[in-house]
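Novice: Sequence:
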Amino acid sequence: MCFIRKTRKINKQNRARLQKFFFFINTCQLLSLQLHTQLQYEMARDLIKIEDFPEIMDGQKQGPRVGFCGLVVRFYPSRRDYIGMDVTDFTSHPRVCQNQEYYNGGLLLARNELLTIPVKIEALKRIQVSYPGIFGEQYNLAEEYYSASGVLDVHDKLLVVKMTLRTRLYQGFYEPYSYDQEIVDYEYLGNKDRLVVDDLFRNIVSRKEYFSKVSHLAPRLMPAKFLISTGHSSEVSDKVQHLNAISSVPDTKIKSPPHNSQYIHPPDPNTIRSSPTQNLVPDIEHGDFDFCNSSTVGSPEEEQVFTISELKQLDMTIDNKTYMVSCKIIGCFPDDWMYLSGKEMDPKSNTAKDPIIRDLEWIIADANVDERTVLNSENTLSVISPAQDILEFSNYGSVEDFFIGCSGYRKKSNSIFNIPTKLEVRKIEIPINSSTTTVVWSPVESK
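Quick note: the sequence shown uses my numbering, first residue 1, plus one each step.
Once the Cα atoms are required to be at most 20 Å apart in a straight line, the calculated SDA-like pairs of lysine to any residue come out as: (1) Lys422 - Val305; (2) Lys225 - Phe135; (3) Lys422 - Thr307; (4) Lys321 - Glu445; (5) Lys49 - Thr167; (6) Lys192 - Lys225; (7) Lys49 - Leu169; (8) Lys157 - Tyr131; (9) Lys49 - Val205; (10) Lys353 - Val399; (11) Lys120 - Glu144; (12) Lys343 - Ser398; (13) Lys321 - Asp389; (14) Lys343 - His93; (15) Lys125 - Asp81; (16) Lys49 - Val66; (17) Lys422 - Glu303; (18) Lys343 - Lys353; (19) Lys49 - His93; (20) Lys343 - Ile404; (21) Lys422 - Gln313; (22) Lys422 - Thr322; (23) Lys343 - Pro94; (24) Lys422 - Ser326; (25) Lys61 - Tyr170; (26) Lys157 - Glu182.
Computed spacing ranges between beta-carbons, pair by pair: (27) Ser149 - Asn368: 37 to 45 Å; (28) Arg194 - Asp336: 34 to 42 Å; (29) Ile404 - Gly133: 53 to 61 Å; (30) Glu122 - Arg194: 25 to 33 Å; (31) Asp336 - Val305: 27 to 35 Å; (32) Ser309 - Pro64: 45 to 53 Å; (33) Pro64 - Ser413: 43 to 51 Å; (34) Asn320 - Lys125: 36 to 44 Å.
Hints were generated in silico from the structure; no laboratory data involved.
Source: prediction; values computed, not measured.
We put the beta carbon where it would ideally sit given N, CA and C, even for glycine.
Work out the full structure: start from the sequences and follow the hints.
Specialist: Quick look at the structure:
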């Protein structure tokens, strides 16, 4: 009996020792992980901005490795088994302009502010592994990308990712490879890197419409000094945000090669335009641009007159129909139509190419809105007049004539704004890049 009691006492002591041992091991592992993270940050290359990317001479395949931190806005299928990851730090570079400009959730990015980085699915998994340590919850990014079966827009996830880039040119533009992708941890940044990330955070916070959609995530990522004066207001501060092109994730798909895309169906007010906005030499001549505005459209196939919220409840199936909507045109982008046509710069020769026309975005609201109405995603919508439609329904016979004469028309068109009207709209496809399209509303124009 005494032997049994002694044996139990020894077993109890052994269990206590084992518990202490495993606690010690776990503590060591945690400290080791924290130390490893800190060393990674300390040994990493200094962060640089897009505008400071090192020059790569023609003929060189690759440039140096650099540190980079940017806001990820979307993922989409790219060449072979690569995934396109579009990021920005809100600075620009003339050799960063492969994709179309980005507009979603109040976030407007010009072509040369949007860096495309080809990554494998492992990069998404690395980002999702680092996500809980910053935001305190799981986010299965890789699974969500596969489920999207096309473009995955993540502008509302506040994925500010730190990585190492191997700078290189692809077809004359920066398309670097990346390594060691993870959500940035501000605590472990050195003083020099904090200056770069501080600018990035300030740019995010200053875009009030966009920031209102991610403000609940910001305290977990950003130091309090960036959040004190924000108030998390959705009130806009600049012309584009004032137009309240409120967003939701666009319906996107991979473009099938010989695909006859007919005019198709409604998206949300996220608009992704298909023509460049930067590197343009604007026309400074003033002339007539008798562009037929949307208040003169004919009768749609369906007699019902929709409100904007009713339109947005329709599915995204291509149906080749037109819909009549009761609305007011409250704004457009670009607001200054001298930027509706211009000449794109050739980054190699630094000379202007032939003129181009860019898409025109109309911001419409329900017909009964007034200055007291709070504009939101229920009562506003963006509709896109593609470049080819603008030329077709203008009085100009060529892009060159349009380039010379379009800039004076914006002032003459003021009479179409803020007037209740009935607008006929249809659904069309426009490209995000060479392999991906999105579906948007477009006005049906008539001469």
